[in-house]
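Colleague: Letter by letter, the chains look like this.
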Amino acid sequence: EAQVTQNPRYLITVTGKKLTVTCSQNMNHEYMSWYRQDPGLGLRQIYYSMNVEVTDKGDVPEGYKVSRKEKRNFPLILESPSPNQTSLYFCASSARKLTGVNTEAFFGQGTRLTVV
Amino acid sequence: KNEVEQSPQNLTAQEGEFITINCSYSVGISALHWLQQHPGGGIVSLFMLSSGKKKHGRLIATINIQEKHSSLHITASHPRDSAVYICAGGYQGAQKLVFGQGTRLTINP
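Protein sequence lines, in the order shown, are assigned to chains A and B. Using my numbering, the first residue of the first sequence is number 41, and each one after it goes up by one. Using my numbering, the first residue of the second sequence is number 24, and each one after it goes up by one.
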């Protein structure tokens with residue numbers, strides 16, 4: 041089954057304790073992104089990757105890091121989480137650019153992160 | 024002005040009604056995605072449009088490039104259609120989506 045898998049689904053952590061949210065896709069997609077969803081602000085892009093070892097900042101990259109060492113994995117790293125990073129996070133992948141003909145975006149199930 | 028604007032923000036209807044959700048978007052957006060987010064939080068892609076019209080089951084999506092407007096229609100609505108529907112625009116040459124605020128749809132039996 042084609043899917044994007046995020047782990048963990050829920051996480052409560054304390055300020056400053058480094059954490060990683062994993063994202064893995066089994067569709068051999070080149071393009072992957074991380075988004076955060078906040079009430080009243082909607083979904084916003086944090087980082088994206090167009091291929092292995094190619095990553096770039098989205099709209100809200102501060103406080104986050106990513107890596108793309110393998111095509112299937114795109115982990116999101118919070119080196120020193122703060123309460124303003126409490127949010128619902130989504131990983132997404134696509135076979136082509138999101139403006140490509142008939143390109144579908146596949147989303148993970150989301151990770152609800154609370155930083156206290 | 025937001026790059027992608029949806030209306031209405033909330034919509035409640037009775038089972039069987041025809042539903043329309045609207046999305047207006049900014050210059051430069053060349054592709055429009057419609058997404059569905061269920062109460063559990065997961066997001067599913069429904070359609071991706073750059074022109075014309077697409078249909079899948081009871082769902083129909085249209086786009087008018089000149090007017091920079093897209094609509095999502097649901098025919099014979101059912102309580103299981105209750106969800107948040109989100110339109111998202113993709114800019115030519117950019118690898119990101121900009122999202123509307125979402126429309127919370129509730130279908131009552």
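Calculated from the structure, these hints are not laboratory results. Just so you know, not all the hints are guaranteed correct.
Facing chain B, from chain A, some residues (calculated, C-beta under 10 Å) [stated by the list, open to error]:
#: 1; residue: E41
#: 2; residue: P48
#: 3; residue: G56
#: 4; residue: K57
#: 5; residue: T62
#: 6; residue: M67
#: 7; residue: Y71
#: 8; residue: S73
#: 9; residue: Y75
#: 10; residue: R84
#: 11; residue: Q85
#: 12; residue: G103
#: 13; residue: Y104
#: 14; residue: F130
#: 15; residue: Q149
#: 16; residue: R152
20 Å max Cα-Cα, derived EDC-like pairs, lysine to aspartate or glutamate [said to hold, decoys possible]:
#: 17; chain 1: B; residue 1: K76; chain 2: A; residue 2: E144
#: 18; chain 1: B; residue 1: K77; chain 2: A; residue 2: E119
#: 19; chain 1: B; residue 1: K91; chain 2: B; residue 2: E38
#: 20; chain 1: B; residue 1: K91; chain 2: B; residue 2: D104
#: 21; chain 1: B; residue 1: K77; chain 2: B; residue 2: E90
#: 22; chain 1: A; residue 1: K111; chain 2: A; residue 2: D78
#: 23; chain 1: A; residue 1: K97; chain 2: B; residue 2: D104
#: 24; chain 1: B; residue 1: K76; chain 2: B; residue 2: E38
#: 25; chain 1: B; residue 1: K78; chain 2: A; residue 2: D96
#: 26; chain 1: A; residue 1: K111; chain 2: A; residue 2: D96
#: 27; chain 1: A; residue 1: K57; chain 2: A; residue 2: E70
#: 28; chain 1: A; residue 1: K111; chain 2: A; residue 2: E93
Computed from a predicted model, the values in this text were never measured in an experiment. We put the CB at the ideal spot given by N, CA and C, even for glycine.
Colleague: Can we keep the M67/A interface hint, with Cβ of chain B closer than 10 Å?
Modeller: Violated, because the Cβ-Cβ distance from M67/A to chain B comes to roughly 13 Å (cut-off 10 Å).
Colleague: Taking 10 Å as the limit, does the beta-carbon of P48/A come near enough to a beta-carbon in chain B?
Modeller: violated, 13 Å
Colleague: Should the interface hint for Q149/A be scored as holding, given a Cβ-Cβ cut-off of 10 Å against chain B?
Modeller: Interface hint status for Q149/A: holds (5 Å vs cutoff 10 Å).
Colleague: Need the status of pair K97/A, D104/B: alpha-carbon distance at most 20 Å?
Modeller: violated, 35 Å
Colleague: Take the C-alpha atoms of K111/A and D96/A, compute the straight-line distance between them, and say whether it is at most 20 Å.
Modeller: holds, 15 Å
Colleague: Would the hint on Y104/A stand, with a C-beta cut-off of 10 Å toward chain B?
Modeller: Where the cut-off is 10 Å and the nearest Cβ of chain B is about 15 Å from Y104/A, the hint is violated.
Colleague: Take the C-alpha atoms of K76/B and E38/B, compute the straight-line distance between them, and say whether it is at most 20 Å.
Modeller: violated, 24 Å
Colleague: Just to be careful: measuring from the Cβ of Y75/A to every Cβ in chain B, is the smallest value less than 10 Å?
Modeller: holds, 8 Å
Colleague: Should the interface hint for G56/A be scored as holding, given a Cβ-Cβ cut-off of 10 Å against chain B?
Modeller: violated, 26 Å
Colleague: CA of K78/B to CA of D96/A, is that 20 Å or under?
Modeller: Status violated; Cα separation ~34 Å.
Colleague: Return the status of the interface hint for S73/A: holds when the least beta-carbon distance to chain B is below 10 Å, violated otherwise.
Modeller: Cβ of S73/A sits 7 Å from chain B, so the hint holds.
Colleague: For the pair we were handed, K77/B and E119/A, check the Cα-Cα distance against 20 Å.
Modeller: violated, 43 Å
Checked against the numbered hints given earlier, the structure breaks hints 1, 2, 3, 4, 5, 6, 12, 13, 18, 19, 20, 22, 23, 24, 25 and 27 and satisfies all the rest.
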